[in-house]
Amino acid sequence: MKALLNILIAIAGIILAGSLPLLIAGWLVGEWRWQVYFESIRTTLEGLWPIGDIAFFNFRAGQEMALFPNVFAYIAYSLEILFLALIVAVAVSVALTVMTMLLQEKVRERVKMALYFLESIPDLLIIMLAQLLVIAFFKQTGILVSKIAVAGDDRIYWLPVLCLAILPTIQLYRLSMLTFQEEERQMYVELARALGFSKVYIVLVHMFRNAIISVFFQSKKTMWFMLSNLFVLELMFNLPGIMLFLSGNMHPMGFLVTIFSFFLPMFLLYAFGEWFFVSRRNQKAVG
Amino acid sequence: MWKQPYFVIGFSILAFFLAGSFVYEWIWGNVPRQIHYVMENGRAVEGAPLSPSWQYPLGTDQYGYDLLGKLMLGAKYTILAALAVAASRMLIAVPAGYLLGTYLDKHRKWLSSFADSMHYIPLTLFAAYVLTPVLWMPEEGFSTTLWERIAIQVVMMALLTVPIVSILIANEAALLRDKEYILAAKTLGAGRFRIIRKHLYPQMREKIAVLYGQQVMETFIVLAHLGLLNLFLGGTKVSYDPLFGDPPMSISYEWAGLFGSTFRYLQGAPWLPLMPVLFIGLAIFSVSLMMEGYLRSKNPDIKRTRQTAQDEPVVDWNRQQLREKMVRLKNEDFPK
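Chains as they are written, first to last, in our numbering: chain A, 1 to 287; chain B, 1 to 336.
Only chain A is shown next, with the shape it has when bound in the complex (with noise of 0.2 Å):
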């Protein structure tokens, strides 16, 4: 019930920002334009209905095309993209931090700050990098290990994975040894060390337990981040993607389409996730 009240006004949000240019270019003038403002809202809403109808203009056809289901294409293949980037993400931050907790204190510390001052990298300046590294490579040795932009139907997929996982796995990486060395300081991690578990026992089977929810409901922020990568990801390899197939319908009825397209996924992920972590922490209350 709480999942729907928030689900319906994260939808009010979404619709309402749609339309703030049209408020905006009345600001330029300096006037409000309520009338306007809500008049659009009114027409996107009352354009959504028979859906089969809606048309946009599509870049790569050059005319309009029926929106469903050809937006399906694009939407699978960011999904696709996104969520492949995020289990690498988690998968790697989490194994590397395993790994760390195994090590010294001082050892951690030293990774914890380089970690910190990674995090300043552009996420241009890696896909750049990468862009680069890939010719240079095709230039010394004639190998093309990926492609680096997609013409016509093709699709790439590792190379964009590894440059939108990398930044989330430093973010991840960092926020989870936080996390762990939290939980290290609780008090049943000092009994189990003191009833002789062995330290890789401890941190793989107690601290991660506990760990791992926190650092889930952290992630969100991780995925907010991801979601502005991966625009600019689509525009630097040219992929066929839904957030490149916004950047050519700039109109409120193409932000929402695009906005919920990739919410209503992220959205049931974290609310199944929430109901997932909750009821078991609760079962364990009980049991």
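Calculated from the structure, these hints are not laboratory results.
Ideal placement from N, C-alpha and C gives every residue a C-beta, glycine not left out.
Some hints could be false.
[What the hints assert, rightly or not] Now the in silico label distances, taken between C-beta atoms and shown as ranges:
| id | chain 1 | residue 1 | chain 2 | residue 2 | range |
| --- | --- | --- | --- | --- | --- |
| 1 | B | D316 | A | L204 | 28 to 34 Å |
| 2 | A | L48 | B | K109 | 24 to 30 Å |
| 3 | B | L91 | A | E46 | 36 to 42 Å |
| 4 | A | I143 | B | L175 | 43 to 49 Å |
The hints should help you fit chain B onto chain A, whose structure is shown.
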């Protein structure tokens, strides 16, 4: 704060760019050096864009302008804009957050799920979407002046994440508000405003400073992303000439524009897009250095006390004693 090497290094990098930018303009004027080709033994060996050399440390752009000069001239726009965006964001979000956390606590729940919906809108996309009518030159030319546009852009970009930041502060304030000393202050008759001013604000000063630093870094990134979309700080000059249309150009030499307008040269002249992004990265890096230095100056002893406790011989001796006693007890319980 000024004794922390991290802070000083970060500060001097930023200060160098800012001061250098103004000094450069003061000495050499606001047009960088220009060269069309390099002559060697009476023959032209290289035409613009020149690759980096001793004379032109970062090379030149496609029209032969010195890239280092452009970057130095643009530094002030980019850095000041990022600082201003973050500052105005905090100026709005901090009071709003405190209001939400104290006076309007009833509404905090639904407002926070409202702000939560912002987490599904990519910031860059939102910024581009909202700023396009402001920054993209219409066919009949801009109706606003350069400084007006910069001001509008700064305010817009500040407003974009105000909901998220103020909810963050409100939640933090609500957590603190349930502490016992605040209850005590309330019992003694302190009003809400006094509690904010005397208890909540001093408690959260460091958090707010760190938050400010994060906002500055985020703004740099968003500015760079906007550059990629040809939305430059202070507006994009668009040529509507159907035959000889120039590519969209930045009006000032700010870094995002330098990157955005040369991104297509990545393979041919990689220094053109790489250098501005590298400079942006350097600016972000110096902000994170300053943040780290600031935090270390505020709570320097946490680590030290923990280490000394470990090195203390008495503690060690106590542990030894305890261990021996336990071993002895165990042996008594289970005689071999």
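(request) Sort out which numbered hints this structure fails and list those numbers smallest first. (result) 4
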